[in-house]
Structures are given as structure tokens and as C-alpha cells.
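Asker: As given, the protein sequences belong to chains R and H, one line each in that order. With the first letter of the first sequence counted as 1, position 86 gets the number 86 in the working numbering; the numbers rise by one all the way through. Just remember that the working numbering sits 114 ahead of the position in the second sequence, which is counted from 1.
If the Cβ cut is set under 7 Å, some of the chain R residues that face chain H in the computed set are: (1) Leu43; (2) His48; (3) Asp97; (4) Gly108.
Derived from the structure by calculation, the hints contain no laboratory data. C-beta: ideal position from N, C-alpha, C; glycine also.
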Amino acid sequence: DSGVTQTPKHLITATGQRVTLRCSPRSGDLSVYWYQQSLDQGLQFLIHYYNGEERAKGNILERFSAQQFPDLHSELNLSSLELGDSALYFCASKFRDREVDEQYFGPGTRLTVT
Amino acid sequence: AQSVTQLDSQVPVFEEAPVELRCNYSSSVSVYLFWYVQYPNQGLQLLLKYLSGSTLVKGINGFEAEFNKSQTSFHLRKPSVHISDTAEYFCAVSERTSNTGKLIFGQGTTLQVKP
Chain R
1 DSGVTQTPKH
11 LITATGQRVT
21 LRCSPRSGDL
31 SVYWYQQSLD
41 QGLQFLIHYY
51 NGEERAKGNI
61 LERFSAQQFP
71 DLHSELNLSS
81 LELGDSALYF
91 CASKFRDREV
101 DEQYFGPGTR
111 LTVT
Chain H
115 AQSVTQLDSQ
125 VPVFEEAPVE
135 LRCNYSSSVS
145 VYLFWYVQYP
155 NQGLQLLLKY
165 LSGSTLVKGI
175 NGFEAEFNKS
185 QTSFHLRKPS
195 VHISDTAEYF
205 CAVSERTSNT
215 GKLIFGQGTT
225 LQVKP
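With the rest of the complex left out, here is chain H (with noise of 0.2 Å):
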């Protein structure tokens, strides 16, 4: 089985600054990592995923991700970020070779992006 925490619930931040969302995952097996995000009232968006190769991975509205094996961790990051990034991020798993795709996901981290 899987499971995904993200260490933040919360996360407030000053536009233009850096920001980093946390996310670490457990699993016996091999699994993709996916970052999505939900904006107020909408359904979830892809920003970026992991499947293999380079541990660094961009995606879209300039976020980029780094998985790390060996701490289980898969955290999001942005330079500088803009009032319209505020929403709801998940951090989502996928076993390789479960047949099907489904995803677990984290509890959400909130973004507030303030002004």
C-alpha cells in the first residue's frame, strides 16, 4: 500500500518570494509522483509528474519538482510566486505496475500567495 503526507497544510507566502511544498511518500513498491492543482471551485490540473530519469522536473506556470529516492520525498518549488497562484496543491502517487493508475494523494497543502 501507499501513502502520501504533506508535511504543511498551510503555507502563506509574500508575492514575488520562493516557495516550497512538501511532500513525502511511503510504498513497498516502485510508484510514479504527480503534483496537482486545484484552483477555487475547480477541478484538478496536472502541474508536473515523475516517471523516471532526472530527478528535477519543470512543469507548468514555472513550478519544478525534485524527487529524492532516498528520502521518499517528491517537494514542490517556485521562485516567485504571483497572486494567482493561490490554491490547493496535491501530491499524488501511482504504482508502476498496479494495472490501473489510480491515485493516492496527500491531504492538500493551501498556498496563499499575499500581496
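Chain R extracted, bound-state conformation (with noise of 0.2 Å):
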């Protein structure tokens, strides 16, 4: 158990909609990162937050934005589904935002778009 949670484990939705999902970090834990998992892209770095700031943005599109909050957990929005967004997302954290230190992963949550 890395100590970060995700929420919820699994989602299934249709095309068109909107889902939100969570991520609490690690107690401590300033850096929040967000990334996909999919079979065509591979595992991919979408965006990070250092104490409530955006830090670094990576392939992530327009429909999809992130936050996070004073309690430094994070949620990632993603609307107007498609297809191809099925896919896992990861969230890790870790306790700043130097190079150096370990990156701690959720369990993912797995995102199916129908």
C-alpha cells in the first residue's frame, strides 16, 4: 500500500459525458502528478500540482482539466468523453516536487468510455 488513494476504482460511462476523479496523496505530500495508461499512448504524464499550483502540463487535452485543493488532495475532470479516453489513470504524489525523490502511485482508476 503506497498510501495514496484513488477514487473510484472503476468507472464506466458513455460517450459525451463528464466524470470527475480523485486522488488523496500521501500524508505530507505536496506533489500531486496525474497520468494515463492506455493500450495505444502507454503510460503518459498529463499534468502536475505543487501545493495547490499547476507546475508542469504534458499531453493533456483541452477537455481535461485538473485541481487541487487546499486539503492537497486532487481531482482530474474529464468531459466530453470519447471512446478513446477509456483508459487508466494514475495519480502519485510525492513530498515536494524535487527530481530526486520518490514518486508514490494510487492503484489507478479504470475508466471505460462505451
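Dock the two chains into a complex; use the hints.
Answerer: Below, the structure written as C-alpha cells:
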């Protein structure tokens, strides 16, 4: 158990819908990262938040947005869902934003768009 | 920009045999290197990382990796594998001075350990 929790574990929804994925980092961790794992694209970095502020963006679609709240939990919002958005979405956390620090991954949320 | 290439998508091996999972990277700046393991239906777990110093890095579960700067490689090895090592393995890099620590992953290598 990494100490990072993600809810829900599974999500099945229809095209065009909007969903919210939630991540609670390890106690005391200030950084939250979101990654998408799909068969087509592999494991891709989406976005990084540090202590409530966006720090870096990767290959994140405009239909996707995220935020980190004052209690440090984070939410990833996916809207106008398409079949290709079906993937495993991971959240990871670490204490600060230093590259040398280890990222701890949650178990993921499996999103299926039908 | 950085990229990571894992040269084998699947590696089948018999139990107690040695294994090497290959990883090459490309980057215009200095990077840190990582290997992560993903067991079925679980998140990723750090096996080992190279930050600086000795190019041979030892990790958990008997794994080790060697950083080769001239060949821009970071191959993962284990002298004797167990059935429980069956999993997906990911090589990753992080830019040293990015101020973010985001990870760029390879496509992954599935290690299948057969009895």
C-alpha cells in the first residue's frame, strides 16, 4: 500500500459524459501527478500540481482539467468523453517537487467509455 | 525533450534463469533514471533509481541496473528470477532541473516467468 488513494476504482460511462477522478496523496505530500495509461499511448504524464499550483502540463487534452485543493487532494475532470479516453488513470504523490524524490503511485482508476 | 525506448515488449524466461530488460533514452539535458514495476491490477512501485555516483544501482527484490552514459542506456538485470517477478516493467527518466520531477516512461516490458 503506497498510501495514495484513488476513487473510484472503476468507472463506466457513455460518450459525451463528464466524470471526476479523485486522488488523496500520502499524508504530508505536496506534489500530485496525474498519468494516463492506455494501450495506444502507453503511460503518459498529464499534469503536476505542487501545493495547489499547477507546475507542469504534459499531453493533457483541453477537455481535461485538474486542480489541487487546500487539503492537497486532487481531482481530474474529464469532459465530452470519447471512446479513446478509456484508460487507466494514475495519481502519484511525493513530498516536494524535487526530481530526486520518489513518486508513490495510487492503484489507479479504470475508466471505460462506451 | 526526452524519450525512452524499451527494446523488448515481452520477455519470456524460465524460473531461476537470469534476465535483462533493456532501456535506452534520449535527452538533450541531464536526466535521472528510474525503473518501476507494475504487478497485475496494481499501481507502479519503484524498483531502483540512478541519480549520480556509481553506475551500478541496486534495488529491491534482487534487481540491479547499470547506467551507461555513452550508450544512453539503463538496462535492468536480475541473476535469478522467480515466478513472482512476473509483471510489467517500466523505464523512466526525469529531467534534472525541470523543477517538476515529471516522469517520462517507456512503453513497458512484460516479463513472463515460466515454471
